[in-house]
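A.B. asks: Chain residues, written in single-letter form:
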Amino acid sequence: MEYRFDHLNETFTIHLTKEKNGFRARFRDDEYRISDLEIQENMISFTIHGERFAIYFARDKDKNYMSIDGELFTIKPAQISKSGARGISTQSDNSVASPMPGLLVKLPVAAGDKVEAGTTLAIVEAMKMQNELRAPSDGVVKKVNFKEGDQVDAFVAIVELEPPASEK
Amino acid sequence: MEYRFDHLNETFTIHLTKEKNGFRARFRDDEYRISDLEIQENMISFTIHGERFAIYFARDKDKNYMSIDGELFTIKPAQISKSGARGISTQSDNSVASPMPGLLVKLPVAAGDKVEAGTTLAIVEAMKMQNELRAPSDGVVKKVNFKEGDQVDAFVAIVELEPPASEK
Amino acid sequence: MFKKILIANRGEIAIRVARACKELGISVVGVFSDADRDSYHLHYMDEALWIGDSSPQASYLNISKIIDVAKQAGAEAIHPGYGFLAENSNFAQACEESNIAFIGPNSKALSLVGDKVASRNTVQKVGVSIIPGMQGVGRDTKHFKEMANKVGYPVIVKASMGGGGKGMRVVYSEKELEASIAAGQREAKSAFGDASVYLEKYVEKPRHIEFQVLRDHHGNVVHLFERECSIQRRHQKIIEETPSPAIDEALRNEMGEAAKKVIEAAEYTNAGTVEFLLDGQRNYYFLEVNARVQVEHPITEMVTGVDLVRQQILIAAGKKISNKQKDFAQRGHAIEARIYAEDPENDFMPSPGRILYLNEASGPGIRVDSGIYQGWNVPPHYDPILSKLVVWAENREIAIRRISNALSNYVILGIKTNVGFLKRIMETKKFREGDYHTHFIDENESALIRQKEKIRNVLIAAALLASEKNSIMTQTGYATSAQVETTPWQELGGWEICKH
Amino acid sequence: MFKKILIANRGEIAIRVARACKELGISVVGVFSDADRDSYHLHYMDEALWIGDSSPQASYLNISKIIDVAKQAGAEAIHPGYGFLAENSNFAQACEESNIAFIGPNSKALSLVGDKVASRNTVQKVGVSIIPGMQGVGRDTKHFKEMANKVGYPVIVKASMGGGGKGMRVVYSEKELEASIAAGQREAKSAFGDASVYLEKYVEKPRHIEFQVLRDHHGNVVHLFERECSIQRRHQKIIEETPSPAIDEALRNEMGEAAKKVIEAAEYTNAGTVEFLLDGQRNYYFLEVNARVQVEHPITEMVTGVDLVRQQILIAAGKKISNKQKDFAQRGHAIEARIYAEDPENDFMPSPGRILYLNEASGPGIRVDSGIYQGWNVPPHYDPILSKLVVWAENREIAIRRISNALSNYVILGIKTNVGFLKRIMETKKFREGDYHTHFIDENESALIRQKEKIRNVLIAAALLASEKNSIMTQTGYATSAQVETTPWQELGGWEICKH
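Residue numbers (numbering that gives the first Met the number 0), protein chains in the order written: chain A, 0 to 167; chain B, 0 to 167; chain C, 0 to 499; chain D, 0 to 499.
Everything labelled a hint here was simulated from the structure, so no lab data went into it.
Cβ atoms here follow ideal geometry from the backbone N, Cα and C, with glycine treated the same way.
There may be inaccurate statements among the hints.
Said to hold, decoys possible - Here are the in silico distance ranges between beta carbons for each label pair:
hint	chain 1	residue 1	chain 2	residue 2	range
1	D	Val-169	A	Phe-145	38 to 48 Å
2	C	Ser-26	A	Glu-18	42 to 52 Å
3	D	Pro-153	A	Pro-107	58 to 68 Å
4	C	Gly-218	D	Gln-235	35 to 45 Å
5	C	His-217	D	Arg-431	26 to 36 Å
6	C	Ile-448	B	Thr-118	39 to 49 Å
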């Protein structure tokens, strides 16, 4: 069976075949024989060609957080466009969102404002760090979804833009 | 509202009343004011008359395991005999069960055997400890539910007895 | 140095050894029985090999199978941990014959110290005391009287075939002696079918003091001071500390030198522990040599700064102990409490089962050597030890407070443990004052019973949990509507999404 | 001794202080903001009082509110931890005026060391070096040349109004000097609207070495050796170790005595840290005094065996430091790694959120000072520090291996952390050789990037998890039919039974 996962904007494919004493996995051009699979509540371990791996994991509603040798990976099932799988709603191309959750400390624009590329649209603060969100291109502020002092989540549109009037 | 719990063969009652800033609890003849209640996944904390308590808990299907200051308590909702609450099936009075899960290393009796009070009916071993199960009274072995070498759970009847023939 | 070591054990000690190996750059091979397929120690291994079904005989005690898998994996040495094959001279010999280094004493020394009579003889030859008394069955009343006068009252009459206290009589003066012998003989006869009894010195309020010794293959020997292990339940140590509150510098040096003499006389190599019984008059008597790394080795590590398992490996690899006796010192105070899966409220019955929640103690001066994890099903086949809580502090008073607080925050839910019982011991006046001996638990039974009042807060908590279900849901956001919708995970693999 | 102490802080340091108080038999009062109602530090407090909404200004920085609740609770002393009000002389003064002991320096010394100019002057008076250079704006080329010759090349030209590297020029010889001044002035003018620049000695490959000092109210002062904190990211320390691989015994003693002089000159009391910059030629320059318990204080505790927070409390209570300088010694090696909620794969962006799974490192030589628990929602309002992983070992090589292995087993899932990044630092050749300085992270960027190959095992694991759902259910018995039946818990409180 084929499994497809998204990780940091990349999609990866793993082919898995059940065998008598375990599994055969194909990743890129290599094949791996997997044995002694053990799955616990938050741990999975298996042997590949004699070497033992232990990986911790925890699942959210759409993400699998995994840790191997101290390194963290967040893996999602790949968005399958051809099938009926429902996509997770994310920010649209002409909106601006924060890459981290935090406090909206500055929101110097309002609906209707004309902005140039690079204009600061919002400043979000979290854990003593300020993050400035700038306009990706010239445009007009279509909608502002929060007000100063609001707590905002990561990847949720704070300011929505539309192309400048002349381009409409 | 009244809550009834079983702990080590005793039933305890707690009356709880919701108030503006917390709860009022009654236990035996004393009343307690409870404030600043916080409940997390496996932790509950609250203040009683200025003193702060933190209790860890984890739930099984019918038990709540709790830890306070290192002391463990297993609490069950009380069996309410008058209502339709389904009892948890436990050993009957004339059967013999192990107080711990383990390996059935000896089973020197068979159905039909006459036994005297104190006769060893089974030996269960767990974690390097052997536990001898003896007949609580004179009787006849009615049924033997396991065989030597079996793994047995705690509080599951291993040997069932019936009164000696003369008493029938 | 070895490149690969096989660890012929399970649980916390297998992990302890694996850590020491990895810190030396050595690759580790773990072994497991059927019951241990999902055990925590395997997470610390570079390779993991199956050695048999769940019974100890078929797996961790299976000499030929373990030797086989060691060869198969190409391990150059085997560390046996404690228990199982750790003190089995046949195993040590099997290793030697397979050209695999046994990380422990040589098989000859192991045989010697494993033989009670031979080791007592060896020890006496070098002038270290054993408990004085008859070497065999008492002949007649005169013989008993002579021996009693020689060793001094009180004395104890013991059944030759005995064990478990049957046929035992403590005698405080000569006028009780004859009657006690007769009573002992009657009891021995009925319990063991043999009336033979013998007599030895009765050590009153004995304290169990042991010395850690290291000896390399070049004849260098050092001791790393004592551990006091007098807090025992059914002859099982449960709390150990160092330094012992019972000995001073002079006695420490004297006993330490005696321990070294014993190890040298036995031509013992690697790490070993010499156990003594100490009475209230500064007399100490050799008991036996424990020819392995001890469960309680961490307290020695905490006060001396020496990694004993690392030393075991280095010595087995032929390295010299480069430090002299004078280079070692005790700093501060260390206490260990053994965490067992057992129920103190039900006669310490073993308690295997699933660990539903785990939060182990941590913080300044706290070390946890653990073999468990949340979600694991503790199997019923092996020793009930789950982990060891070890603290270090500047002095004994702070160390006791520290371990007491750490026990309060050591949470294992789903099975029964002795955590609360251990904490109650720490809170007794006797323990705090260092005034205890091996009968401590029996003599302080009433002080060690759980206080009834604790239940109040537990019941209030249970009631609040039952009443607050709705607010939890919203307060902490566990169960939002999103979670009951279909998610990509479900479409992918059919997972039951069950957030908590 | 105090009977009750209020801890005006949160997170791991509040817990650290609470432990020290409890070990002294002192009752502890905790405080919390709205965002911290469910924070872990409250579990270690005997009382917990609310001090304001989630913003630091309204709560942990709110002097009058904190003084109010301290009075209300009857606390005799306040421990400020680090950060927030720890070095605020107004707060220290407010405590003094309310007859509450401030566990830290007296407010006068706190003001002095908080003033850069005043503290540099004080330090120079007692003969301790500061980085040599102009005290104000450079007048003309001659002035610059003279100063450059006096302090020796390389020198650095800096904008008077500057910051963030703008207008800065490093100059290696006199022939570059004039052009560099002009370039610096142009850049300063355009960045800050002011062309003023000045010159000081450029310390190449500087190492950050600090000394821990204790001084009591009776004039006794001791230093507890150094900590090296050169591994910094954006001027934030992330890894610290002691002893420093950069200094030897002679330099250690010299710098330690200099640190004591600084503390004495400032009439400083309690625990303080004197920071120095060290160059490759054994020159060291005073930077500043940190007038608080430092985040990295545990490594000093590990090698000296001294509990610094306990000493802080004892000194604040008027106790004398009874040990002399010669009584203190460093034993072994300690390293600390700070665990932050941040994403190294996304420019170290902060990462608040829910901790879905937590398994903190433990074992021999491992100390974790943690402020988090599984299920907790790390709030976005405060510093991203989650916990501190500290190791001790017999030597530096083993300590590095130990912390590297501990990082592998330090699992926090649900948010991003820097655990993997810290481990990558430990594995660089430069760090292993002790050959590093404050520009280490910038200069070793490529060695610190995550290796792409790690993803393979993660993807295989994800695929296996997706494929194996059915066998899990049966293998581990999570979802038996009994669990979907109605249970007494449901009838009692309507709990959603959701075993996992």
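A.B. asks: Against this structure, judge whether each hint is valid.
C.D. replies: Consistency of the hints with the structure:
no.: 1; hint: D:Val-169 x A:Phe-145: 38 to 48 Å; in the structure: holds, 44 Å
no.: 2; hint: C:Ser-26 x A:Glu-18: 42 to 52 Å; in the structure: violated, 27 Å
no.: 3; hint: D:Pro-153 x A:Pro-107: 58 to 68 Å; in the structure: violated, 43 Å
no.: 4; hint: C:Gly-218 x D:Gln-235: 35 to 45 Å; in the structure: violated, 53 Å
no.: 5; hint: C:His-217 x D:Arg-431: 26 to 36 Å; in the structure: holds, 31 Å
no.: 6; hint: C:Ile-448 x B:Thr-118: 39 to 49 Å; in the structure: violated, 32 Å
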